[in-house]
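Model the placement of chain P on the given structure of chain A, informed by the hints.
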Amino acid sequence: MINFQHNHFELFGLPQRFQLDLALMEAAYRGIQSEVHPDRHVNASDAERRASMQSATQVNEAYRTLKDPLARARYLLALQRVDVESESNTAMPAEFLQQQMHWRESVEEAADQPDALAALAQRLAAEMNDLYSELARRFDSDGDYAQAGALVRKLMFLERLREELGDALERAET
Amino acid sequence: MALLQIAEPGLSPEPHQHRFAVGIDLGTTNSLVATVRSGIAIVLNDAEGHALLPSVVRYLPEGTTAVGYAAMEELTCDPRNTIVSVKRFMGRGLKDVAYAENCPYDFLDTPGMVQLRTRAGVKSPVEISAEILRTLRDRAQASLGGELVGAVITVPAYFDDAQRQATKDAARLAGLNVLRLLNEPTAAAIAYGLDNASEGVYAVFDLGGGTFDISILRLSKGVFEVLSTNGDATLGGDDFDQRVFCWIMEQARPAPLSDQDTRLLLTEAREAKEHLSSHSEARVTARLSTGELIDQTLSLKTYAEVTRTLVQKTIAPVKKALRDAGLSVEDVNGVVMVGGATRMPQIQQAVAEFFKQAPLNNLDPDKVVALGAASQADVLAGNRAAGDDWLLLDVIPLSLGLETMGGLVERIIPRNSTLPIAKAQEFTTFKDGQTAMVIHAVQGERELVADCRSLARFELRGIPPMVAGAARIRVTYQVDADGLLSVSAREATTGVEASVAVKPSYGLSDAQIAKMLQDSVAHSGDDAQARALNEQRVEAQRMLEAVAAALAADADLLAPEELAEIRASLDSLVGVAAGDDRRAITTALERVNKITEPFAARRMDRSIHQAFAGKKLEDMKI
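Going line by line, the protein sequences match chains A and P.
Counting from 1, one number per residue, gives the positions in the first sequence under the working numbering.
Counting from 1, one number per residue, gives the positions in the second sequence under the working numbering.
Looking at chain A on its own, in the form it has when it is part of the complex (with noise of 0.2 Å):
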């Protein structure tokens, strides 16, 4: 069984930062899990197929943490004691709400053309890499939590608007 003491870095092996080589990261992740994986261990006793099953599931839930920017970060914010989500922190600066609104109308507006969404996508994209570029320096350059908190909850709201962009873009070319 995995030693649940380990947090998901020092679980791969990794220093705990938000820019990560992700190369490594996959292949400790293979490394690890051609040892623990349930497929290694199908003639196995009961109680080590048990183990074997929940290992490879702590070990893919650590990949899927660290291998998502978001949820990495949230997972980093975790470790710090730095809750993005508690009900106090929900209030955004009214500005970041208005411009998600306009977001919000501009996807409305372009529901049927898969062309203009397209477009609203690239953009959003943009905008969301500069977030990201700006959240790794408030981590591993400044360790500035609550600057990398407040950067993480505005991430929260476009990763959903990324997802419902999708979603319409989706809708509009069926």
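Just so you know, these hints were derived from the structure itself, not from any lab.
Among the clues, some could well be false.
Straight-line C-alpha distance at most 30 Å; calculated BS3-like pairs for lysine-lysine [unchecked claim]:
id	chain 1	residue 1	chain 2	residue 2
1	P	313	P	95
2	P	356	P	221
3	P	356	P	313
4	P	319	P	423
5	P	95	P	221
6	A	67	A	154
7	A	154	P	319
8	P	431	P	319
9	P	95	A	67
10	A	67	P	319
11	P	423	A	154
12	P	356	P	168
13	P	594	P	168
14	A	67	P	423
15	P	320	P	423
16	P	423	P	594
17	P	95	P	356
18	A	154	P	320
19	P	301	P	95
20	P	313	P	301
21	P	320	A	67
Just chain P now, with coordinates in the frame of chain A:
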């Protein structure tokens, strides 16, 4: 009965003992069994040299059962007792079955899963499928000359939990040890990847008799990683037959059809479809039991028109799968075609147009799934040396959730999560003093419970009365490597617990399976008791080998007294394993299991450390 050989505890079993394992493609239209012989995957033929076993089961008047070609012979004369495409009914209620009204069966709308009334009595799709699996098992054992240690059975990637569980139950009923349920497109990717030493991103387009799957995989040295999967569990070659059937009916406008004539025209429709894969037109001629003559000519052009919407239906799932994988058409290095229905020229063309490349057809689309399953069975049985094997990472095709207030679904495990996976979420009570809570597990992508598949319902009782919202009920979903769900719930402040392996929702409990097993062995003249005893002995043997191998590798992880305790438990298992007391074997097995638990955990921990030891991470990059 031959005596089982049991190695002395601590001595590892013979190192290069080949274990007979097979891959079975349990298809809607045809089924196959394959194995790996001298390192090469081959399909096992029957005595007449047929590779395909038509997935047809007939219950004969004299009380026996015919499977395959023998069952097909009387298909049009005895439609009610001759079941084709039973896979479409697996884990499905009557309302879920497409074209039930066009099927010449006497359906029984039983909760969870439909049943069929035949002359041999009421039959569940699980029992009917088991007949097919049993035939393949017998074929394999005759061909290999020994008992099978297990089988990998393939299922459509888009099968939900109920369909997977039904398939596993059918295998159990057929006396097969299921090493793993494997998704069909993944199996095809294994066969294809091994055959071509491929690397990169591949799409597997699998249009079978009754199901459509699309999977996006990344193939790299030693790893098959499924990135996403999508599909339509009610779209397949049969639907094309139905369209041709409807076209014939519209053209010829015969009087209302008898069951026999329906079956006759469906067969004609299928033959016309197959003919059109390599010809520009097909003639449909049939003499109905009313004396009426059907004589129509179907051109490829008309055929393409009447089936256009079916072809289009495959594209939306492909787009969704690409999106979920975060990839676009340009990222796909190759498209592997699987399933007999992909032989249709309009399908080939649609796929080529969408992916902007010619699809890959160099493996027989009817056999590729079974061959891949056989290779995976070979790995799981432990027949391949380390380094010569591979790792398979598959995903869950459909999201899992539970019902919350107002009939809404709270998603717990999102689709395309890599298996195995577990997720826990906390819920609370709705009313003051509430002492019980119903947990209703569902599967699907829709927001309303009514639009999702209901998997299981169970109650957590004994919650201490508190004000609404004070209880903390933690519900954990665990999905294993076969894609099967188990759910547990626990009240945090008191530790009250309830759990369920999601099984009985379609109405087959363990007891029912046991009864079916008894019925089936009674039928075949076996002795159920002897068989159960034998199964336990095999299990004991497996356990002794497993623990012996573990001790040989890692005994240094144990304190002397722990080692002694394990050895003692093994000795008592050896003591009873040769005897006739099944209960004693079970008890001894349980004891070994319990005692070796900490040892298993320590071994797993060590193996994680070994993943890093000796090699720098940089060298592990692929």
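**Request:** For the pair we were handed, residue 95/P and residue 221/P, check the Cα-Cα distance against 30 Å.
**Result:** 45 Å, violated
**Message:** Run the distance test for residue 320/P versus residue 67/A: straight-line Cα separation, threshold 30 Å.
**Reply:** 21 Å, holds
**Item:** Pair hint outcome, residue 356/P versus residue 313/P [Cα-Cα no greater than 30 Å]
**Value:** The given pair, whose Cα atoms are some 18 Å apart, holds under the 30 Å limit.
**Message:** Next pair to validate is residue 431/P with residue 319/P; report whether the Cα-Cα distance is within 30 Å.
**Reply:** 44 Å, violated
**Prompt:** Quick one, are residue 313/P and residue 301/P close enough, alpha carbons at most 30 Å?
**Reply:** Holds, at roughly 19 Å.
**Asked** residue 313/P and residue 95/P: Cα distance at most 30 Å?
**Response** 21 Å, holds
**Item:** Satisfaction of hint between residue 154/A and residue 423/P, Cα-Cα up to 30 Å
**Value:** 25 Å, holds
**Request:** Verify the proposed pairing of residue 67/A with residue 423/P, using a straight-line Cα cut of 30 Å.
**Result:** Holds. Residue 67/A to residue 423/P sits at ~17 Å (cutoff 30 Å).
**Message:** Given the hinted pair residue 594/P and residue 168/P, is their Cα-Cα distance within 30 Å?
**Reply:** It holds: about 26 Å lies between the C-alpha atoms, which stays within 30 Å.
**Message:** Holds or violated: residue 319/P and residue 423/P, Cα atoms, limit 30 Å.
**Reply:** Holds - the C-alpha atoms of residue 423/P and residue 319/P are around 27 Å apart, at most 30 Å.
**Item:** Pair hint outcome, residue 356/P versus residue 221/P [Cα-Cα no greater than 30 Å]
**Value:** OK: residue 356/P and residue 221/P at ~26 Å, within 30 Å.
**Message:** For a C-alpha distance cap of 30 Å, please report whether residue 356/P and residue 168/P respect it.
**Reply:** Not satisfied, since the Cα-Cα distance of roughly 38 Å exceeds 30 Å.
The structure does not agree with the numbered hints 5, 8, 9, 12, 17 and 19 stated previously, though it agrees with the rest.
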